[in-house]
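These are the residues of each chain, in order.
Protein chains: 2
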Amino acid sequence: MTILSSEPTSTFLRACHGLPTDYTPIWLMRQAGRYMAEYRAIRAQHSMLDVINTPELAAEVTLQPIKAFGFDAAIIFADILPPLIGMGLNLEFVKGEGPVIYNPLQGPADVAALQTPPAAETMPATLEAIKLVVAELGQKTPLIGFAGAPFTLASYAIEGGGSKVYAKAKALMYREPKAWHMLMEKLVTVQVDYLLEQAKAGAAVLQLFDSWAGLALGVDDYIEFVQPHNRRLFVEIAAAGVPTINFSTGTGAYLDEVAACGGAVVGVDWRVRLDEAWEMIGWQRPIQGNLDPIALLTGWDQLKARVDVVLERAARGKAQGGVSHIFNLGHGILPNTPIENVQRLVEYVHEQTS
Amino acid sequence: MTILSSEPTSTFLRACHGLPTDYTPIWLMRQAGRYMAEYRAIRAQHSMLDVINTPELAAEVTLQPIKAFGFDAAIIFADILPPLIGMGLNLEFVKGEGPVIYNPLQGPADVAALQTPPAAETMPATLEAIKLVVAELGQKTPLIGFAGAPFTLASYAIEGGGSKVYAKAKALMYREPKAWHMLMEKLVTVQVDYLLEQAKAGAAVLQLFDSWAGLALGVDDYIEFVQPHNRRLFVEIAAAGVPTINFSTGTGAYLDEVAACGGAVVGVDWRVRLDEAWEMIGWQRPIQGNLDPIALLTGWDQLKARVDVVLERAARGKAQGGVSHIFNLGHGILPNTPIENVQRLVEYVHEQTS
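Read top to bottom, the protein sequences are chains V and H.
Counted from 1, the first sequence has number 281 at position 282 by numbering that gives the first Met the number 0; the numbering is strictly sequential.
Counted from 1, the second sequence has number 341 at position 342 by numbering that gives the first Met the number 0; the numbering is strictly sequential.
Just chain V, with the same shape it has in the complex (with noise of 0.2 Å):
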């Protein structure tokens, strides 16, 4: 429990202090995306650049599931990737392909050729975007910045897109162990200044999300390759002086070594079981999830027995001294979710919990 000049209000922020609640808060990863029409209907004249780059369009983005739904928390409409550009990397999000980059790291030379410029200066747009989105919520929703973690970024980086076995990101990572963690320090430094930034212009909360690390590496290899540099990440963005949220993926072998990383609250995915996770990244940590996205197109019976379970294996993890529960997701919504499922889930949250 962070002890607080004043007590925050709101319930999603007082959940990630560790400070008792109403009832579980609940926002879900993605959720400003394309199971809404409303977004859909943007994205249909605009593409996914235009709505990133346009603070105007990624502030409506932004707002659209705060206010069809009622989340507890609005996140920045954003990407993890666009920060590479500022750094040198020629990124396209090509439809149907996902994100593309032209020039992708091959060594060493490619690794020290990478700029670090400041996010006041690449990230402009969501900056301002991030300014709109606060002054329309005020003080009940906040909103969360975020950024990508240094080892999902450099395995984009490296394989120029998206990957099965990362053969290429871990054949450097292997192979040069120097340009690998340069590059992972160049990452840092430019998600420091970014997340900092988001902070400045209002982000109540910051997420990190570590897609990649788990699917890719084992234990050994994260704690050599990987947890330095996000511990050093966690340790420079505290200066923000707000909450943060620890989110990776795969990673369910190894929560202790994630959670040790650091992160005011860790968030988990689908695969593993909410108390057991809870244990292993320690009581006192808020846990954030951990419902498998693919519930969400079943129907309601299916999918109210698997919220039931995250629910009962929340209060499980209370009834041992875990401090509090943020209900999400164990990873991204997905396009064809219908929003009945989404509209009931809020509800049913709210309702049991409080």
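FYI, nobody ran anything at the bench for these hints, they're computed from the structure.
Check each hint, because a few of them may be wrong.
Unchecked claim - Only pairs whose alpha carbons sit at most 25 Å apart, straight line, appear in this in silico DSS-like list of lysine-lysine:
| hint | chain 1 | residue 1 | chain 2 | residue 2 |
| --- | --- | --- | --- | --- |
| 1 | H | Lys177 | V | Lys303 |
| 2 | H | Lys167 | H | Lys94 |
| 3 | H | Lys303 | V | Lys177 |
| 4 | H | Lys317 | V | Lys94 |
| 5 | H | Lys177 | H | Lys167 |
| 6 | V | Lys303 | H | Lys167 |
| 7 | V | Lys185 | V | Lys167 |
| 8 | H | Lys94 | V | Lys167 |
| 9 | H | Lys94 | H | Lys163 |
| 10 | H | Lys163 | V | Lys167 |
| 11 | H | Lys94 | V | Lys94 |
| 12 | H | Lys317 | H | Lys303 |
| 13 | H | Lys167 | V | Lys94 |
| 14 | H | Lys94 | V | Lys163 |
| 15 | V | Lys139 | V | Lys199 |
| 16 | V | Lys163 | H | Lys167 |
| 17 | H | Lys317 | H | Lys66 |
| 18 | V | Lys167 | V | Lys177 |
| 19 | V | Lys199 | V | Lys185 |
| 20 | H | Lys163 | V | Lys163 |
| 21 | V | Lys94 | V | Lys185 |
| 22 | V | Lys167 | H | Lys303 |
Keeping the supplied structure of chain V fixed, place chain H upon it in accordance with the hints.
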């Protein structure tokens, strides 16, 4: 340790039975493959399915790595997916894209329509190839037969190909559990018959490949939707009277539940520490694994350091009562692996453990 009427003499078979060996046997998953020029020469003239369906070609390709590197076991050249063709699925290996199923399963009616014909009718070429290879190899180098685990096959059959989040497969599993279990039962029926026929044709060991369950499912879903079927499979293939290997990936957080399905030997991926995995599996079970395939893309010093970690962890396991270690990768060898590294790896593992 199994009670045998006469003890096997080959190192690999002895290790599968948990019997003492003069050195640690080694083979590599996908050892007949693109990293070998001899293999590429054959594939330049024949498609994947052609090679599988021509016993002489499949046998030739199977023997290539034995002749080149002296592995302690051969594995029949085949693929996990062709048994789906006989069940009614229209499968093709598309260049650059991988396997595609043009009529993926969309619901209970499609599952009900699936056939379960005997392997003698649907997979005669692979069974014939096994006979050719065994005749060539004699007793010294045992031949491994194999099949895909029902979850991995079910996912392919529903997704129609590879997948990132297994949304279709899992949505069917969650929404239509009866159809899911019927699908798994049909797959087990087909795979049991196929594996028994492979043993009859001369396969000395049978390996089950579950490449996807651990990436797609948390432990509770694994126990509900996968475990009973894998267990039935291992119970029924015991009739073959040969050792079995239970291999999966991404299951590091619940290897105990994987091991509980059966298999004389348990194969583990590169994400786990070998000795810790062994403890979860139980020291009385032989363990197979677990070098990261990407380690083979580095120079010898770096590769050697990683091989040493595997050997040291195996030795640590043996010191605690672990029976046999079979050296292998944690997943298939990559196409761009330098053959010098494979050569040195085999020699080094034999040297260091004898």
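- Message: What's the verdict on Lys94 of chain H and Lys163 of chain H, does the C-alpha distance respect the 25 Å limit or exceed it?
- Response: holds, 19 Å
- Does the alpha-carbon distance linking Lys94 of chain H and Lys167 of chain V stay inside the 25 Å limit? holds, 21 Å
- Message: Checking one constraint from the list: CA of Lys163 of chain H to CA of Lys167 of chain V, max 25 Å. Satisfied?
- Response: Cα-Cα ~19 Å, so holds.
- Restraint status (C-alpha distance of Lys317 of chain H to Lys66 of chain H at most 25 Å): violated, 31 Å
- Message: Would the hint linking Lys94 of chain V and Lys185 of chain V be met if the CA-CA limit is 25 Å?
- Response: Violated - the C-alpha atoms of Lys185 of chain V and Lys94 of chain V are around 29 Å apart, more than 25 Å.
- For the pair supplied as a hint, Lys167 of chain V and Lys177 of chain V, is the alpha-carbon distance within the 25 Å limit? holds, 16 Å
- Under the criterion that the straight-line Cα-Cα distance not exceed 25 Å, is the pair Lys317 of chain H, Lys303 of chain H satisfied? holds, 21 Å
- Task: Starting from Lys199 of chain V, check that the Cα of Lys185 of chain V is at most 25 Å away, please.
- Result: holds, 21 Å
- Item | Pair hint Lys94 of chain H and Lys94 of chain V, alpha-carbon separation not exceeding 25 Å | Distance of about 22 Å is within 25 Å: holds.
- Task: Would you check the hint for Lys163 of chain V and Lys167 of chain H, treating anything up to 25 Å between C-alpha atoms as holding?
- Result: Given that 25 Å is the threshold and the Cα spacing comes to 19 Å, the pair holds.
- Mind checking the alpha carbons of Lys163 of chain H and Lys163 of chain V for me, to see if they're no more than 25 Å apart? Satisfied, since the Cα-Cα distance of roughly 9 Å is no more than 25 Å.
- Query: Holds or violated: Lys167 of chain V with Lys303 of chain H, Cα cutoff 25 Å?
  - Reply: Answer holds: Lys167 of chain V to Lys303 of chain H is near 19 Å, not above 25 Å.
Hint check: violations occur at hints 4, 17 and 21; the rest are consistent with the structure.
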